[in-house]
Amino acid sequence: MPVMTPGDKLRIKVGFTYSLGDHIENLYYLQLAGALEASDSDVLQDCENWTNHMIAALDNIMTNSFSVNFAQVDQVGWDGVYNTDPELNTAKIVTVRNIGSFAPAFTPAGTSEAYVLSAPATVSLRTEQPKSRGRKAIGGFGEAGVSGGLLTNPVVTQLVLFALSYYFGPAIIAPLHPWLSGVISMKDGSFLPFTGINLISNILGIRDSRKIGRGS
Amino acid sequence: MTKIGVVILSADATTVKGQLCTFAGDGTPIPLAGGDFSEDPGDLSGALELLLLENFPENEPA
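As you go down the protein sequences, you meet chains V and U in turn. The C-terminal residue of the first sequence carries number 216 in my numbering, and the numbering is unbroken. The C-terminal residue of the second sequence carries number 62 in my numbering, and the numbering is unbroken.
This is chain U alone, in the form it adopts within the complex (with noise of 0.2 angstroms):
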């Protein structure tokens, strides 16, 4: 398992812009490389879902 954070850039009814990171020593958000994220509100759950699937797949459920 991975400390892992979702960062909500900016979110409207049309678009939520985030992108995924990890956490340093100290606590402080490590931006990951491709897991940025721009989604209509109603598709982020799968989008989201499968973006964190291929990143942290030690993070799924057993």
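Okay, chain V solo, but in the shape it has when bound (with noise of 0.2 angstroms):
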């Protein structure tokens, strides 16, 4: 039976579905701590834990007009050679292998319409390597949750739980197995724990690639 060692690092993608046809992934990146090995089924719960934990934070804030109907699980590794001319970089994360799948609880409960897909609220934790941040923009959240342009305080307040979950939710929902939250490297591979100091703010960030047209 396939299992995870410690040091193994693996990606959740998680996607979500507006009613309209616009379709939201965010990509997570966790490693294995500890000394033990993981079974993939073990491994699947803990991802789905922490999943549905970190997406709770959204209920509340994201229009019903949206849906969560697939998380998926991969191991991941990286090859490649780093090169900071971009047309000579090679380096890039590759999926080792599919571990499974699971469908997020998620019930979103706003009611107003969505906000623009392209400014969504916006979460980037801190690594210790300058650049290297955890930035997830967050896509769906209701028209009644922005005002002159910003983002109201329930949405903050909420923005603040989701950022303090995908922080440390590995270590809150009590899982299986160690888990370290965080990005991998792209110069070279290594892990990189989300640590420090973090801001999460009610200034609206900017996706081009959710601009209608343009992407998904």
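Careful: at least some of the hints might be erroneous.
[As the list claims (entries may be wrong)] Incomplete in silico selection of chain U near chain V, CB under 8 angstroms:
(1) I4
(2) L32
(3) P41
(4) S45
(5) L52
[What the hints assert, rightly or not] In silico DSS-like pairs for lysine-lysine, Cα to Cα no more than 27 angstroms straight-line:
(6) K136(V) to K13(V)
(7) K92(V) to K187(V)
(8) K131(V) to K3(U)
(9) K17(U) to K136(V)
(10) K131(V) to K92(V)
(11) K136(V) to K92(V)
(12) K136(V) to K187(V)
(13) K17(U) to K3(U)
(14) K187(V) to K131(V)
(15) K17(U) to K131(V)
(16) K13(V) to K3(U)
(17) K131(V) to K13(V)
[Stated by the list, open to error] Quick partial rundown of chain V residues pointing at chain U, CB under 8 angstroms, derived from the structure:
(18) N153
(19) Y167
(20) I172
(21) S201
It should be emphasised that the hints constitute simulated quantities derived from the structure, not laboratory data. For every residue, glycine included, the Cβ atom is placed at its ideal position computed from N, Cα and C.
Using the hints, build the complex out of the two chains.
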């Protein structure tokens, strides 16, 4: 039976679908800590519990026009040679194998229309490596959560809860195995756990790829 | 509406410490006097909502 060994890394791909057909994906990276191997069934259970805990913070701010249909878990590695010249850079995160998938529990309660998808709420978590951050663009929150071009207080509160779960969730949910939440360095493939002081603001971000006609 | 931020200074399974801030013209966070909080993660939602309401009532939903 396949297992993950300490130090192995995985990616959770969570897909949100909007009733008008748009699709948003958020990627999360974890590294198995501790000294014990983890079976695939244990890994999937921890990933499902953590994902549910994390996106539960979004239930009250996302419009009910959104749903989460799937979450896919893959063990990932790193390949290629890093180069500061984008044309020479071949470094990339590669899928080693698929571990499995699950259907997250997600029941968004917002009843207002969805705000512009290309202007998402954003959460950015630091690592010890400058410019290597975990950035999440939260699309699909309701128009009622925006006033004067800024996010209202209730949305900020929920974003803080989401960020804390993203940062510490694997520890909060009492998992079967210890995990670190973070990102993978595109320079050398090392895992960079989140650390330090983090800021969540009510200022909207920009995600060009979600502009209608340009991408998903 | 005011541009605001919530700085998470530290967090573990028992305590989340943070501070509200506003922003200078160049985007530098300015800590808000009286905007400190230290809460159990389970109590954070209610405490933070109250702190934001007290300090930034103009940012509440219409």
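Hints, verified against the model:
1. Residue-level restraint check for I4(U) holds (minimum Cβ-Cβ distance to chain V is 5 angstroms; threshold 8 angstroms).
2. The criterion of a C-beta within 8 angstroms of any C-beta in chain V is not met by L32(U), whose closest approach is roughly 13 angstroms, and the hint is violated.
3. With a least beta-carbon distance of about 7 angstroms to chain V, the hint placing P41(U) at the interface is held under the 8 angstroms criterion.
4. Given hint, S45(U) at the interface with chain V, holds; its Cβ is 6 angstroms from that chain's nearest Cβ, closer than 8 angstroms.
5. The interface hint given for L52(U) holds, since its Cβ lies 4 angstroms from the closest Cβ of chain V, which is under the 8 angstroms cut-off.
6. Taken as a hint, the K136(V) and K13(V) pair is honoured in the structure, with Cα atoms around 12 angstroms apart against an allowance of 27 angstroms.
7. Distance check on the hinted pair: K92(V) and K187(V) sit about 9 angstroms apart at the alpha-carbon level, within 27 angstroms; holds.
8. Only pairs whose Cα atoms come within 27 angstroms are accepted, and K131(V) paired with K3(U) is accepted, the gap being roughly 23 angstroms.
9. A C-alpha spacing of about 22 angstroms is found between K17(U) and K136(V), which places the hinted pair at or below 27 angstroms, so the restraint holds.
10. A threshold of 27 angstroms between alpha carbons decides the hint, and for K131(V) with K92(V) the separation of about 17 angstroms falls inside it, so the pair holds.
11. Under the criterion of a C-alpha separation no larger than 27 angstroms, the hint pairing K136(V) with K92(V) is consistent with the structure, at around 19 angstroms.
12. With a CA separation close to 20 angstroms, the supplied pair K136(V) and K187(V) stays within the 27 angstroms bound.
13. Simply put, K17(U) and K3(U) have alpha-carbon atoms about 21 angstroms apart, close enough for the 27 angstroms limit, and the pair holds.
14. A distance of roughly 12 angstroms separates the Cα atoms of K187(V) and K131(V); the hinted pair therefore holds under the 27 angstroms criterion.
15. For a cut-off of 27 angstroms, the pair hint linking K17(U) to K131(V) stands: about 24 angstroms separates their Cα positions.
16. With a C-alpha separation of about 31 angstroms, the suggested pairing of K13(V) with K3(U) is violated against the 27 angstroms cut-off.
17. For the proposed pair K131(V) and K13(V), the alpha carbon gap of about 22 angstroms is at most 27 angstroms, so the pair holds.
18. Of the supplied interface hints, the one on N153(V) holds, with its beta-carbon coming within about 4 angstroms of a beta-carbon of chain U, less than 8 angstroms.
19. For Y167(V), the interface hint holds, the least distance from its beta-carbon to any beta-carbon of chain U being 7 angstroms, beneath 8 angstroms.
20. Evaluation of the I172(V) hint against chain U yields a held restraint, the C-beta minimum of about 6 angstroms falling below 8 angstroms.
21. With a cut of 8 angstroms, the hint placing S201(V) at the interface with chain U holds, because the nearest CB-to-CB distance is about 4 angstroms.
In the structure shown, a violation is registered for the earlier hints numbered 2 and 16, in ascending order.
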